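Asks: Chains as they are written, first to last, in this note's numbering: chain A, 1 to 151; chain B, 152 to 453.
Since the hints were made in silico from the structure, they are not lab data.
Hints may be right or wrong, so weigh each one.
[To be verified] Pairs of lysine-lysine, DSS-like flavour, derived with a Cα cap of 30 Å:
{"#": "1", "chain 1": "A", "residue 1": "Lys141", "chain 2": "B", "residue 2": "Lys404"}
{"#": "2", "chain 1": "A", "residue 1": "Lys141", "chain 2": "B", "residue 2": "Lys165"}
{"#": "3", "chain 1": "B", "residue 1": "Lys155", "chain 2": "A", "residue 2": "Lys123"}
{"#": "4", "chain 1": "B", "residue 1": "Lys396", "chain 2": "A", "residue 2": "Lys141"}
{"#": "5", "chain 1": "A", "residue 1": "Lys107", "chain 2": "B", "residue 2": "Lys155"}
{"#": "6", "chain 1": "A", "residue 1": "Lys107", "chain 2": "B", "residue 2": "Lys231"}
{"#": "7", "chain 1": "A", "residue 1": "Lys104", "chain 2": "B", "residue 2": "Lys231"}
{"#": "8", "chain 1": "B", "residue 1": "Lys310", "chain 2": "A", "residue 2": "Lys129"}
Please read all numbers here as calculations on a predicted model, not as lab measurements.
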Amino acid sequence: METKEFKVSAIENGTVIDHIPAKSVFQVIRILGLDNFDNQILFGTNLESKKYGTKGIIKVSNKYFKKEEINKIALVAPRATLIVIKDYKVIEKKSVEIPDEVVKIVKCFNPNCITNHERVVTKFTVISKDELKLHCHYCEKNTDKKNMTFV
Amino acid sequence: MKNKSLVSINDFSKDEQIAILELAASFEKNPTQKILQDYVVATLFFEPSTRTRLSFESAVSRLGGKIIGFSDTSSTSVQKGESLKDTIKTVCCYSDLIVMRHPKEGSARFASEVANVPIINAGDGANQHPTQTLLDMYTIKQTQGRLDNLNIAFVGDLKYGRTVHSLVMALCNFNCTFHLVSPFELKLPSSVKIHIKEKNLDYHQYTTMDEVFPKVDILYMTRIQKERFSDPMEYEKIKNSYILKNDMLANTKDNLKILHPLPRVNEINEDVDENSKAYYFQQALNGVYVRQALITKILGIK
Chain A
1 METKEFKVSA IENGTVIDHI PAKSVFQVIR ILGLDNFDNQ ILFGTNLESK KYGTKGIIKV
61 SNKYFKKEEI NKIALVAPRA TLIVIKDYKV IEKKSVEIPD EVVKIVKCFN PNCITNHERV
121 VTKFTVISKD ELKLHCHYCE KNTDKKNMTF V
Chain B
152 MKNKSLVSIN DFSKDEQIAI LELAASFEKN PTQKILQDYV VATLFFEPST RTRLSFESAV
212 SRLGGKIIGF SDTSSTSVQK GESLKDTIKT VCCYSDLIVM RHPKEGSARF ASEVANVPII
272 NAGDGANQHP TQTLLDMYTI KQTQGRLDNL NIAFVGDLKY GRTVHSLVMA LCNFNCTFHL
332 VSPFELKLPS SVKIHIKEKN LDYHQYTTMD EVFPKVDILY MTRIQKERFS DPMEYEKIKN
392 SYILKNDMLA NTKDNLKILH PLPRVNEINE DVDENSKAYY FQQALNGVYV RQALITKILG
452 IK
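Model the full assembly from the supplied sequences, consistent with the hints where possible.
Replies: Written out as structure tokens, the structure reads:
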């Protein structure tokens, strides 16, 4: 914990999203819309992690996420930890949970699905959280983890 | 049901489905009524169809309604690259109800979300074709006097046949027993079987037809398409074992009826047509009554 605090400097107030798979950092930024965010954001990727080998971390100043917002990243960063910081102190730590519904972020794997041909925002019901299986609201086909790509 | 779209058979509850079948029976007795004179129904066929489009148009015409639309997209703005959303939004301005068939799965659901008039899905790719399901249910009820506790065989392409999937799902509400006859490559997908299992109903799988003949009340035939096989040799091997011939019907129940969503190619021999158990052309006729019932329910007239 100590070393990474040095690599990505601490924030006074805000949220730290830790234990993001290194390859998913930019996806998490996109999913949370942080690429269009005005507050100060610090991030690091390919950092050493005792638990997972490598990891990424994102620190967002003066921003506290709602549960639904943060659960969106569970698909790409299922083991992420969310740390609420106030006055440089850890106030709360929580883990992300896979939501019941996934909107906008995943592509339907069915090439003949209307969402892959017209400008339609994708929408899925999560039918299995263990194996991660999504049921498309439009074509009614299931997209599972191995076929999952992100918009 | 007023103003409700029908995209997927499960959009309508069991009670709503039964209400449509009951109303269809009254249209069967009296199919020509001038009750749609003030209505315009759009039929948008982005993909070819014979029975479905004509039976919708016949249903509306017999009730005195007006029809606008197209049966292929070559003379429309779709050719200029207009989006489905824009086409639907435009047609909403000119009609009270839209019937659409489209080659992409999920297109009808999407249309129902952008439209401010109800949408009836007349087939969205390999996904759903709920009015076929309703007319199949109507035909089963008409010939057997009931939908409950029947033995129903489905024969042919159970993997890609969307009519089979929707009908199996609908019949799961009626305690039926399913006899599934298909080549191994074209078995009913587990995503459909799960509905049978959830209701704890019996189903049996076969690779040949002989065993099911004496058992069943309904024999629902489907077409096996060569393109579905990754190995053309496999198709050649099995193609003749799923053809129904008249002499095979000797040992069947008296109440048996043979259904087929049509078009048929060669899976039902023409010598079966003369058998009183053949019922597929009456089934196609029932499409008119069921669609009259559905349209008038959705428009809030009945």
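Asks: Next step is simple, just say for each hint if it's right about the structure.
Replies: Status of each hint after checking the structure:
For a cut-off of 30 Å, the pair hint linking A:Lys141 to B:Lys404 is broken: about 37 Å separates their Cα positions. Between A:Lys141 and B:Lys165 the CA atoms are separated by roughly 23 Å; this keeps the pair inside 30 Å, and the hint holds. Of the pairs offered as hints, the one joining B:Lys155 and A:Lys123 holds, with about 21 Å between alpha carbons and a cut-off of 30 Å not exceeded. Restraint check: the Cα-Cα separation between B:Lys396 and A:Lys141 comes to about 36 Å, which exceeds 30 Å; the hinted pair is violated.
This hinted pair checks out: A:Lys107 and B:Lys155 have alpha carbons roughly 28 Å apart, not beyond 30 Å. A C-alpha spacing of about 26 Å is found between A:Lys107 and B:Lys231, which places the hinted pair at or below 30 Å, so the restraint holds. Using a Cα cut-off of 30 Å, the hinted pair A:Lys104 and B:Lys231 holds, with the two alpha carbons roughly 28 Å apart. With a CA separation close to 26 Å, the supplied pair B:Lys310 and A:Lys129 stays within the 30 Å bound.
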